[in-house]
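S.K.: Here's the letter readout for the chains.
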Amino acid sequence: MHNNPQLNKNGELQHLLSIEGLRAATLRHILDTAESFLGVAEREVKKVPLLRGKAIFNLFFEPSTRTRTTFEIAAKRLSADVINLNVGTSSQSKGETLLDTVDNLAAMQADMFVVRHSQSGAAHLIARHAAPHIHVVNAGDGRHAHPTQALLDMFTIRHYKKDLTRLRVAIVGDMLHSRVARSQIHALTTLGVPEVRVIAPKTLIPTCAERMGVQIYHDMAKGLKDVDVIIMLRLQSERMRGALLPSSQEYFKYYGLTAEKLALARPDAIVMHPGPMNRGVEIESSVADGVQSVILSQVTFGIAVRMAVMSILMGNEAGGGA
Amino acid sequence: MQLPEVEELLRELAQQIRPHLTPDTVLVGIHTGGVWVAENLREQLGVKTPLGALDISFYRDDFSRIGLHPEVKPSRIPFEVEGRHIILVDDVLKTGRSIRAAMNDLFDFGRPASILLAVLVDRGGRELPIAARFVGVHLDLEDNQDIRLNRAESGQLSLSLDDAKG
Amino acid sequence: MKIHIRNGRLVDPKNHIDAQRDVFIAAGKVVAVGAMPEGFHANRVIDAAGLVICPGLVDLSARLREPGYEYKATLESEMLAAVAGGVTSLVCPPDTDPPLDEPGLVEMLKHRARSLNQARVYPLGALTQKLAGERLTEMAELHDAGCIGFSHADMPLSDTLVLMRAMQYAATFGFTVWLRPQDAYLARDGVAHDGEVASRLGLPAIPSCAESIALSAILALARETGARIHICRLSSREGIALIRAAKAEGLPVTCDIAVHHAHLSEMDIGFFDSNCHLMPPLRSQRDRDALREALVDGTVDAICSDHAPVDDDAKLLPFAEAEAGATGLELLLPLTLKWAKETGVSLSDAIAKVTAEPTRILALNNGHLGAGQPADVCIFDPEQYWKVEPRSLKSQGRNTPFLGLELQGKVRYTLVEGHVVYEGLA
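Protein chains in written order, with this note's numbering: chain A, 1 to 322; chain B, 1001 to 1166; chain C, 2001 to 2426.
Among the hints, a few may not be true.
[Said to hold, decoys possible] Coverage of chain B stretches by chain A, computed from C-beta distances (three or more under 8 Å per stretch; other residues unrestricted):
#1 1063 to 1069
#2 1107 to 1117
[Said to hold, decoys possible] Pairs of lysine to aspartate or glutamate, EDC-like flavour, derived with a Cα cap of 16 Å:
#3 A:K161 with A:E250
#4 B:K1073 with A:D226
#5 B:K1073 with A:D32
#6 A:K47 with B:D1108
#7 A:K202 with A:D163
#8 A:K46 with B:E1080
#9 C:K2338 with C:E2406
#10 B:K1094 with B:D1146
#11 A:K46 with B:D1108
#12 A:K76 with B:E1007
#13 A:K162 with A:E35
[As the list claims (entries may be wrong)] Where chain A lies over chain C, by a calculated footprint (3+ residues, C-beta under 8 Å):
#14 2197 to 2209
#15 2312 to 2323
It should be emphasised that the hints constitute simulated quantities derived from the structure, not laboratory data.
Since the structure is predicted, the reported quantities are computational estimates derived from the model, not experimental observations.
A virtual CB, placed ideally from N, CA and C, is assigned to each residue, including glycine.
Sequences are here, hints too, so could you generate the full structure?
M.R.: Right under this line is the structure:
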């Protein structure tokens, strides 16, 4: 009944709303383009003029300094104009509807919205209703998706491991509430990673999770055995209040990544985390700062990947290219 | 039309460039054809400095019309641009827009001392005030004709002509 | 006004008629079916060639949004929608604002509805005061004011002792208790079925056991109290199994489903289509198939529209924030016909699900066109396609998952008490 809302009439990417529904070739194209943007950060002039004159609006209905900052840096390195709107604190509280806010901004010559919202489906709603020339990048909607995070994670894995088709990847933590995990799983399976494991207690695994193409483990020792990539998810304190977990101590004991548990994976396994980390809850400091951790490079790669996403989208016109 | 042999053109170019080389001169090729030509010239001329390669996708002036090029390769400038004498190398010179983009790109790396342009084929049709210092051959072509540098699997370079579709 | 409806195919399930029969109406009643009575001179002749004549539809759940929610819809617009959909009797739940927990409110609503001279309105009274789940309402007084049963709408009634007492009190007078089984704790914050789709889309979910646990409790209490129960809007195969067992046991239980659940499943949410945000949620395809089977074997007695008009703004929100509900009065007939066509059910059996069966549940004597019956009639074109779009709907609610689709079955005339209250264009 529905066409893929991310694509324009030519099958090119008009919006980036979720990893689900994108072909492997599209994902690889984004990663390959990101390679070229990495070098920009090394130069004297850390900018290219590609998006000069374009206006990118960061619509963050859910506050986040880190993600917003990386999008802002990425946009500025493309020479675009960036306007930040912490909408939660302004028009929304005055009772303006989500779509009214969007319409008002479109009238201010916006070319792109980068949207973060606490509700699943918010980016899709905005993309459906925004003016045809506007591109929407989903910076995280509820529990549903965080496509740029997944892309930078794939970029990181590719950077350190080269061939994804031979890897075992383990995602550890709260899959139930995690938009990052959902997007990562789609990206990993689409790019041909043969084994994707999710390690968590039953309360944090959504119904029918295996249908997304993952193997579920409740025993972290078994789940980490011979794994090449370990992705740790952040555990939020609300989970204790929601009767999902008893305490962060028990969680850390059974599902936290310590040096001891890390040793069960392959010796050259890399450790990733989308951030921000809860040290002592999901990950031990010695591991987070250790040699196998690539967490800091994820941040660098994140800027290049977002530059690639913005460039590719802005170059695709709603009606299809010339 | 009979197209010249690329080998000959490369020899011709090298001959023209040789008197202008200094130990610090660098060659920078524009992806993709310009890089092939620059590689060859560097070998012929015995240049010791590292080879630069520029992808101008982020500096083109037609982004709004046709979007991002499907195949962007990373630029590789493994030397300081500041104060350098650079020989910029491309395969075919027509409108001059690629050269404009390449120069903007280079200037974002630093401020060169000078830039000289070497092209394998100058086919006319300039839309900007750009001129090549070293030219393999001047060819007079119709507007709708497209001349292209090709590289076979063996590494051999050749020129071909097609009538661009309207 | 004497009316002669001729050349039509009369489908009257209760009287086992599916044949070419003329219908003669006078003084608000059906005076004859088949042969013209002696001395009958019609003031109006309706030519029903190619059309089906059936009893006016009886809709077991239609929210009219008055009192209190007039910005969503008004009695005028929704009563027009009802007759445009061939519905001549409808039951409205008590969750108005204020809720129908006082005889005065019920009388006012009935009075308002009557003055519009369209469909008959049968209000359900609130089971507890303010629908707060604590204190009983004056059920006997409310019944006298016109309530045909007592319901808790979609409000939770978690205190099982209160529920039991309410059932006992209702049973004292022989009133039917209408309940939608949903455990408030398991359903908390949920907006979609707990299954593959909600997991993928990251939507807070309601497991099927929220329905089956609540339903088990209701059935056990029914057994204890002897109360007559009508279960509203079943959605799961587990729920169906429980009803089947309860009926086999001989408990006085009836149930209905919303017509949407006979067609749609969680898959239809697609890319967060908030028109598919319904309560109870659209469940898996297996659940939908079980509901369809249960309609055929009689476990599910009736189909209703569960009409709930929602203003546009309330749907133009992220899925979980959007208001639940779909407009349905005008879609009840075509969607029932569609179900019948897809499952091979006869036209007569299909129409029974929205006429004779609801009437039986309401313990009323209408829902059929025997001689002497009030002339509540629906005449429709079973073949005609029409597109579901805002301008073809009379309801103020445009919120339907079927927006943009073409459905078959167009109402041409609706009569209530022998008056033509709706005449649609061909």
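S.K.: A separate judgement is required for each hint: does it hold in the structure or not?
M.R.: Against the structure, the hints come out as follows:
no.	hint	in the structure
1	1063 to 1069	holds (count 5)
2	1107 to 1117	holds (count 4)
3	A:K161 with A:E250	violated (32 Å)
4	B:K1073 with A:D226	violated (34 Å)
5	B:K1073 with A:D32	holds (8 Å)
6	A:K47 with B:D1108	holds (8 Å)
7	A:K202 with A:D163	violated (32 Å)
8	A:K46 with B:E1080	holds (15 Å)
9	C:K2338 with C:E2406	holds (11 Å)
10	B:K1094 with B:D1146	holds (10 Å)
11	A:K46 with B:D1108	holds (8 Å)
12	A:K76 with B:E1007	violated (44 Å)
13	A:K162 with A:E35	holds (13 Å)
14	2197 to 2209	holds (count 8)
15	2312 to 2323	holds (count 7)
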